[in-house]
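Sequences listed follow chains A and B, in order. So the first sequence is numbered by this note's numbering: it starts at 480 and just counts up by one. So the second sequence is numbered by this note's numbering: it starts at 153 and just counts up by one.
Where hints are given, some of them may not hold.
[Stated by the list, open to error] Sample of chain A residues at the chain B side, in silico, Cβ under 8 Å:
1) Ile521
2) Lys524
3) Ser525
4) Phe528
5) Ser529
6) Asp576
7) Val577
8) Ile578
9) Ala579
10) Leu581
11) Leu605
[As the list claims (entries may be wrong)] Label pairs and their calculated CB-CB ranges:
12) Ile485(A) with Glu297(B): 18 to 26 Å
13) Asn409(B) with Gly575(A): 27 to 35 Å
14) Asp600(A) with Lys202(B): 16 to 24 Å
15) Ile513(A) with Thr401(B): 49 to 57 Å
16) Leu482(A) with Gly364(B): 34 to 42 Å
Simulated from the structure, these hints should not be mistaken for lab results. Computed from a predicted structure; not experimentally measured. All C-beta atoms, glycine included, are put in the ideal place defined by N, C-alpha and C.
The primary structure of each chain is shown beneath.
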Amino acid sequence: MSLDDISIKVADLHSIGSLDALLNEIASHLTRFIATGETAMIDLKSLPFSPAEYESLRTALGRGEVSARLETIGDSELYETHYSGVWWVTHYNVEGDVIADLIEIAEVPAILHSQPEDVRDGLERLQHTLSQTK
Amino acid sequence: MKEHETLEQRLHEQGVSRRSFLKFCAAMATMMALPPGSATAIAAALAKVKRPSVIWLSFQECTGCTESLTRSHSPTLESMIFDMVSLDYHHTLQAASGFAAEQAREDAMKEFNGKYLLLVDGSIPLKDGGVYSTIAGRTNLDLLEEAAKGAAAIVAVGSCAAFGGIPNANPNPTGAVAVSDIIKDKPIINISGCPPIPAVITGVLAHYLTFGALPALDNLGRPKAFYGETIHDRCYRRPMYEQGKFAKTFDDEGARNGWCLYELGCKGPTTHNACATTKWNGGTGFPIEAGHGCIGCSEPKFWDAGSFYAPLPAPAADVTTVAKAAVIAGAVAAVVAGAIDRGKKTKAQQSREKLTVDDLKGE
Chain A
480 MSLDDISIKV
490 ADLHSIGSLD
500 ALLNEIASHL
510 TRFIATGETA
520 MIDLKSLPFS
530 PAEYESLRTA
540 LGRGEVSARL
550 ETIGDSELYE
560 THYSGVWWVT
570 HYNVEGDVIA
580 DLIEIAEVPA
590 ILHSQPEDVR
600 DGLERLQHTL
610 SQTK
Chain B
153 MKEHETLEQR
163 LHEQGVSRRS
173 FLKFCAAMAT
183 MMALPPGSAT
193 AIAAALAKVK
203 RPSVIWLSFQ
213 ECTGCTESLT
223 RSHSPTLESM
233 IFDMVSLDYH
243 HTLQAASGFA
253 AEQAREDAMK
263 EFNGKYLLLV
273 DGSIPLKDGG
283 VYSTIAGRTN
293 LDLLEEAAKG
303 AAAIVAVGSC
313 AAFGGIPNAN
323 PNPTGAVAVS
333 DIIKDKPIIN
343 ISGCPPIPAV
353 ITGVLAHYLT
363 FGALPALDNL
373 GRPKAFYGET
383 IHDRCYRRPM
393 YEQGKFAKTF
403 DDEGARNGWC
413 LYELGCKGPT
423 THNACATTKW
433 NGGTGFPIEA
443 GHGCIGCSEP
453 KFWDAGSFYA
463 PLPAPAADVT
473 TVAKAAVIAG
483 AVAAVVAGAI
493 DRGKKTKAQQ
503 SREKLTVDDL
513 KGE
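Bound conformation, chain B alone (with noise of 0.2 Å):
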């Protein structure tokens, strides 16, 4: 195995033109989250990254994660793969299998110690020594501690990963635990989410290259730039609710009309996920806007919290000041200038000076 070349080579000896990198720069700073113009900045700390090893470790999962990673719209996966990252291990997706797989894994682990990113998915069984779930003999507990050991940072995808998830829901018979229950001193980012969002995935890795550390996390260890708002925050059909319009049953006139889903048991004011923003399937719609409430499938415990179907008891505290400055003060235009200091951007601009990515760290 050699040392990984840069992106920037990389894709000059595909023959990849400037400007297509500048497209693919614009593409992820929509996927971070970051102000749209500092595709430049990105692009520019981006070229000279080494693209570092991943070692992804399947669990007790339903593979979801995986398929909602695998149909990552921006970029391509393959670009995702084959570029950013050198995917060295994950066994749903490797061609290869049994011992040469192990191998695959056992190698990265030694040559890229200290340095591999480690992306795991599933939940971990602990009770009666682990025998639940095993890999190769082994169960998910020993492998996790040893590809721990030498990782520079664990990736926690999905809510089993992060939180438990389904197999740790009532009466939780394999006494499944999340990876942060286990792992306590490993930098850990929880991507939450049943399955998460395939651009959030993505989107933490790119931002991992691009400023060679991990992005802000909020109180669960979610990246605060795709977690920090909750799905009612940012709801298209938050002025329904603010204007009292609200569905009463699934097939009313109320419902038909596209009014607000909150008395139909809507958990999207106690949920944090982009799925209002980002969207699924290629940006096509997210569940309210095919006229299903948020289950909340991003937050700790959401399978035994009770019905989906019965409304919250009460609104949260602070929503109502946070929406009406989303809707009628137009904080739309807050969000769209980005968190980035504009006197700084100014001030870059008047004197010709970058936009650098340490201007964008600071956020």
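Next up, chain A with everything else stripped away, as it sits in the complex (with noise of 0.2 Å):
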């Protein structure tokens, strides 16, 4: 038996229902986000998705201009979406399973600013070199 033996057969990709209400999900937070700059957050790995519904998403979202990458307890992948303000968020641990896959509503990914507490320990370790080096 040789693999040509075997047939295969293309799955089928169409939507069974799930796609379209979360791209409704998304177009009601971004209508919200413009009228009032609130943010919003989908957890996927809370909705009931087939592996070709997710597949569908990522195509039906795309990819836009700016990517960023956190290496931080494992990395982390972020990017802008085809639409602007829409962000895909997936955090993985160090093993590298996914821990959460998030789409944010926002003008930037609220994980990549600095954090105040970060900023305050930096200046103190910037301080101490300077004073090292007096």
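Join the two chains, each given in its own frame, into one complex according to the hints.
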């Protein structure tokens, strides 16, 4: 028996309903964001997607102009989709498993901002370095 | 044993940045099925808590529950054990053995009397004086009653501890019972499943730490956040059920096309668990995604409930309405937004108030 004997059928990627619902949800968040500035997040791991629908979502949202990477307790990938203000944020742990998969509606995903605590820590370190070189 | 420091102190000592902590909290929010935007509020609450002492007792069990937890992918087991809780006794995982191991349990019970969390996996055999399962020469019943006295709360991990599980199945030769059959005066939370989903185990612990209380429970003592809906309610094959597309055998055209497994005995409509969304093996899939129906392992008496391959007699009464809402009217969106009060959230944002853990408690 060779590989050619095994019949291959291309899976039907047509949405079975959840994808349209999610795109509508994103549209309503975007509308609110434009009107009031209210940001929003959607937890993709909580949704009953089929694997094909998940891939369809990637295709539907596409990729935009900006992407970023965090390197902290595992990597995180962030990119703006084809629709400005709609970000796809995926957090991985150190073993490379997805620990959070989010759509964020915002100017910039919140976690990209420098955190005040880290800024204060950084200043302390810088001042310490300067005091050593005097 | 010194008083446990706060999580924030511990992470700061280790050089973990605030941003890393926020990322960790985003994962926790996902795990606890809370609105994803609540990571900042969770961070504020978690930073202040002292790591609780945890004593884990394993009784009449197969170690599958511990296997499940050690494969928990969010967060890693290491961060779970070393950063969030102080696991003071677990006879499979701890390095100490023999008298030293039992001493660790006794020390923790004394030092943190009234404050420690007691986790139990496995059922407790009562027949013939409980001789069918003993640890260090003492019966499971004896150990459970002793450890329960000083516990703040008890978490029954797995269907055996929660409902009696496999040892309790007919003919139940050891007289196995659940934790809740013995302990009546402590809060008990049941995390059923054979094994339970690892993220649910860690999610419940995270909830306890964040809110300082156990999560809302259903009538069987299970956390509603994870057991509030049936597998069928959240199954990606649900639209097939609505359309009347059923696989009739495991190798027919319908099975190959991913149609509903209801007629092949899937227990999804009567089984409450989070498999359909949380999934297994690092989020790879769950039984129905692999082409096999749900066997209902998170429900009481699942082993004695008849054939895994005989169809359920009739759909549960409320199933249709719930799922129609979920799939057609886009309750996907309702779930996405979470149960959080929209008005309050908007108000908080408009007035630049920060969302706190108390706002989430009201849900």
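Okay, the hints, checked on the actual structure:
Because the closest C-beta pair between Ile521(A) and chain B is about 5 Å apart, less than 8 Å, the hint holds. Nearest Cβ of chain B to the Cβ of Lys524(A): about 5 Å, under the 8 Å cut. The hint holds. The closest approach between the C-beta of Ser525(A) and any C-beta of chain B is roughly 5 Å, which is under the 8 Å cut-off, so the hint is satisfied. Annotation: interface hint on Phe528(A) holds; nearest CB of chain B at approximately 6 Å, less than 8 Å.
Among the interface hints, the one on Ser529(A) holds; its C-beta lies about 4 Å from the nearest C-beta in chain B, closer than the 8 Å criterion. Taken as an interface hint, Asp576(A) checks out: its beta carbon lies about 4 Å from the nearest beta carbon of chain B, inside 8 Å. Because the closest C-beta pair between Val577(A) and chain B is about 6 Å apart, less than 8 Å, the hint holds. Interface restraint check: Ile578(A) against chain B, minimum CB-CB distance 4 Å, threshold 8 Å, status holds.
A cut of 8 Å between beta carbons decides the hint on Ala579(A): the least distance to chain B is about 5 Å, and the hint holds. Because the smallest distance between the Cβ of Leu581(A) and any Cβ of chain B comes to about 5 Å, under 8 Å, the interface hint for this residue holds. Look at Leu605(A): its Cβ only gets to about 15 Å from chain B, farther than 8 Å, so that hint breaks. For Ile485(A) paired with Glu297(B), a C-beta distance near 59 Å fails the hint of 18 to 26 Å.
At roughly 32 Å, the beta carbons of Asn409(B) and Gly575(A) sit within the given window of 27 to 35 Å. Range check, Asp600(A) to Lys202(B): about 23 Å between beta-carbon atoms, so the 16 to 24 Å window is met. A hinted range of 49 to 57 Å holds for the C-beta pair Ile513(A) and Thr401(B), which are about 52 Å apart. For the pair Leu482(A) and Gly364(B), the beta carbons lie near 58 Å from each other, so the given range of 34 to 42 Å is not met.
When each numbered hint is compared with the structure, violations occur for hints 11, 12, 16.
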